[in-house]
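Trainee: The chain contents come next:
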Amino acid sequence: MAQRDASVQRKIGYSEKVIEHFTNPRNVGRLDDADVTAKVGSVACGDLIKLYLKIDERTERIEKITFESYGCAANIATSSMLTELAKGKTLEEARKITFKDIAEELGGLPKIKMHCAVLSKTGLDAAISKYYAMKGKTKIDDTLVKLLLKGVLDPITGVDIISGKTAESISVQDHEVTIGLRVEEGSKLAAELEGDIREAFEGLPVSIKILYKGEKGGQPSAA
Amino acid sequence: MVHRKPITIGEDALKVESKMIYLDNAETTAVDPEVAEIVLHYMVEKFGLPGGEFGHSLQEEATEAVEKAREVIAWKVGAEPSEIIFTSGATESNNLALKGVVQHPLYKRKKVLTSAIEHKSVLDTALNLRRLGYQVEVLPVDSEGFVKVSNLLSSLSGAGLVSIQHANQEIGTLQDIKVIGELCRERGVLFHTDAAQSFTKEEINVKALNIDLMSITSHLIHGPKGVGALYVREGIELQPLIEGDGRERGLRAGSQNVPAIVGFAEAVKRAKQEDAERMRKLRDRLINNLLQIEDSKLNGATGERRVCHNVNVTFKYVEGEALLLQAEMHGLVCNTGSACYSQRLEPSHVITAIGGTHEDAHGSMRLSLSKMTTQQEVDLAAEILAKVVNRLRSFSPLAKRRS
Numbered sequence: 001m002a003q004r005d006a007s008v009q010r011k012i013g014y015s016e017k018v019i020e021h022f023t024n025p026r027n028v029g030r031l032d033d034a035d036v037t038a039k040v041g042s043v044a045c046g047d048l049i050k051l052y053l054k055i056d057e058r059t060e061r062i063e064k065i066t067f068e069s070y071g072c073a074a075n076i077a078t079s080s081m082l083t084e085l086a087k088g089k090t091l092e093e094a095r096k097i098t099f100k101d102i103a104e105e106l107g108g109l110p111k112i113k114m115h116c117a118v119l120s121k122t123g124l125d126a127a128i129s130k131y132y133a134m135k136g137k138t139k140i141d142d143t144l145v146k147l148l149l150k151g152v153l154d155p156i157t158g159v160d161i162i163s164g165k166t167a168e169s170i171s172v173q174d175h176e177v178t179i180g181l182r183v184e185e186g187s188k189l190a191a192e193l194e195g196d197i198r199e200a201f202e203g204l205p206v207s208i209k210i211l212y213k214g215e216k217g218g219q220p221s222a223a
Numbered sequence: 001m002v003h004r005k006p007i008t009i010g011e012d013a014l015k016v017e018s019k020m021i022y023l024d025n026a027e028t029t030a031v032d033p034e035v036a037e038i039v040l041h042y043m044v045e046k047f048g049l050p051g052g053e054f055g056h057s058l059q060e061e062a063t064e065a066v067e068k069a070r071e072v073i074a075w076k077v078g079a080e081p082s083e084i085i086f087t088s089g090a091t092e093s094n095n096l097a098l099k100g101v102v103q104h105p106l107y108k109r110k111k112v113l114t115s116a117i118e119h120k121s122v123l124d125t126a127l128n129l130r131r132l133g134y135q136v137e138v139l140p141v142d143s144e145g146f147v148k149v150s151n152l153l154s155s156l157s158g159a160g161l162v163s164i165q166h167a168n169q170e171i172g173t174l175q176d177i178k179v180i181g182e183l184c185r186e187r188g189v190l191f192h193t194d195a196a197q198s199f200t201k202e203e204i205n206v207k208a209l210n211i212d213l214m215s216i217t218s219h220l221i222h223g224p225k226g227v228g229a230l231y232v233r234e235g236i237e238l239q240p241l242i243e244g245d246g247r248e249r250g251l252r253a254g255s256q257n258v259p260a261i262v263g264f265a266e267a268v269k270r271a272k273q274e275d276a277e278r279m280r281k282l283r284d285r286l287i288n289n290l291l292q293i294e295d296s297k298l299n300g301a302t303g304e305r306r307v308c309h310n311v312n313v314t315f316k317y318v319e320g321e322a323l324l325l326q327a328e329m330h331g332l333v334c335n336t337g338s339a340c341y342s343q344r345l346e347p348s349h350v351i352t353a354i355g356g357t358h359e360d361a362h363g364s365m366r367l368s369l370s371k372m373t374t375q376q377e378v379d380l381a382a383e384i385l386a387k388v389v390n391r392l393r394s395f396s397p398l399a400k401r402r403s
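Heads up: the protein sequence lines correspond to chains A and B, in order. Residue 165 in the working numbering sits at position 165 of the first sequence; the count goes up by one each step and never skips. Residue 256 in the working numbering sits at position 256 of the second sequence; the count goes up by one each step and never skips.
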């Protein structure tokens, strides 16, 4: 049996630890009493996670953290490891977890799968920032909006819409967030992105306005 | 059936016998042990290489073995032995067919037509020819993977070569090559077909089907890897890819892989029509069982329009690489069109060409049978997949809530 274990690793290029977390993922499923959730990634890319966090309001400690995954073995394993690393930490401590920490704790990741660790980390950052904004501790500003949009992937390129410049303008006024996309209105891509963007802001007291190619925004700032 | 132990995974392990269920026969097949014996014989004892007219006895022996093998392959497809060129496999045959025609000075019409779901060895070759300045048209396919005859007709004028596969490697769709062959022949356009997936499984007579060039391979029919052939109709000239010693009618230089060629022919001899019929029954049984799983759908056509050994089903809300790994842990080996599984991180070009979304490709699983596959194996395969699909769906954010 040990022999077969080894051959699976060799073929797929995953460490024993990745296979172990993939096989028996920790902290899976929905958390009904979650204080904040964050969904990052894209169905089209086959790389999507949703995190659920239960946070002690006084100590800001993560009491519970769970995840759901639509993705490959690396996606499942990195999410599993992320929840293990974040559990019991304060939000400030959890923020310091890097995608490299996740990969290292898993005994390394194939280079081609490193983006899975990045996505998990993006999800945690998004959840933490959303929590602060929901509690009124931070303002809903450009920085937060950009962070949340980093969790939205362009289904064609697999690159997030900030790095890939699919989102070309962002403006935040009071509780209205306006996002300009370099996408044709009414296209399939537009519908997919809009759905993902709205989900990224789920739970926040904001209204989202999306502008498409050719439409003029309020006072767009470079994204 | 390959005797290897599956990996067991904690309490979730399914109790299976210590055997691997191998359902990736569209990728490659196990060499028939008796074929392997013959191959070995030609490696260690009759190890000669075909020589000239006055060769020594080992050379003569090798010449005879290769020519006999050529006769077997020719007989199987209704060709003359002189029309069979041995190559290293279907990839080389496809390259030789496309580049060989287009780059030969005899042929003035250089436009190439092919389909969007061809094997990469045809598509990439065609796209490279386009980069070199040749006109290449990639024809779309319908939702089952069929090239529309009307599309072909409207593009045929001015074409020099049409390359359309027989059976598709991922979804098993069998093109109507009889109609395509006729249309091409009437208009004086050369017709090449990649028959790697259908060879010995479907009856093919190159004369009756008006085929000018046809690629076949050994490793998909329980023969050794590294050998295949290109049928080149009498009178067709090709620019060789590999030049040197004039072997294989000057179309493919280099020492022939004699043991593999002999093994290839032996594997062809052993392929029976009954095998295909049995596989077709098991295929339909497996498809039926897999479609019992909620939110699943068949990719490709049904019945006689699908090659007998191919099953391809998409399971929604789950990703193929994860499915594949979990299935293997339960002892089932199959394949997926998911981007995460491919080195290029691109979803299957076949699933997207039939109108599938990226999600359809990510959740697509290909299970391919061989003549060695048993009913017990396909039943167990469906059980294993049902189990792992449900397991992954239990924590997928896309899955329907059952509460």
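It should be emphasised that the hints constitute simulated quantities derived from the structure, not laboratory data. It is possible that some hints are incorrect.
To be verified - Restraint ranges, calculated between C-beta atoms of paired labels, are given here:
| hint | chain 1 | residue 1 | chain 2 | residue 2 | range |
| --- | --- | --- | --- | --- | --- |
| 1 | A | K111 | B | E45 | 43 to 49 Å |
| 2 | B | E274 | A | E202 | 28 to 34 Å |
| 3 | B | S394 | A | E202 | 18 to 24 Å |
| 4 | B | T28 | A | K111 | 23 to 29 Å |
| 5 | A | N24 | B | P81 | 54 to 60 Å |
| 6 | A | K111 | B | K19 | 33 to 39 Å |
| 7 | B | H349 | A | I112 | 16 to 22 Å |
Since the model is a prediction, treat every value here as computed from it, not as a measurement. Here a beta-carbon is modelled for each residue, glycine too, at the ideal position from N, C-alpha and C.
Trainee: Taking each numbered hint in turn, which are not upheld by the structure, reported in ascending numerical order?
Mentor: 2
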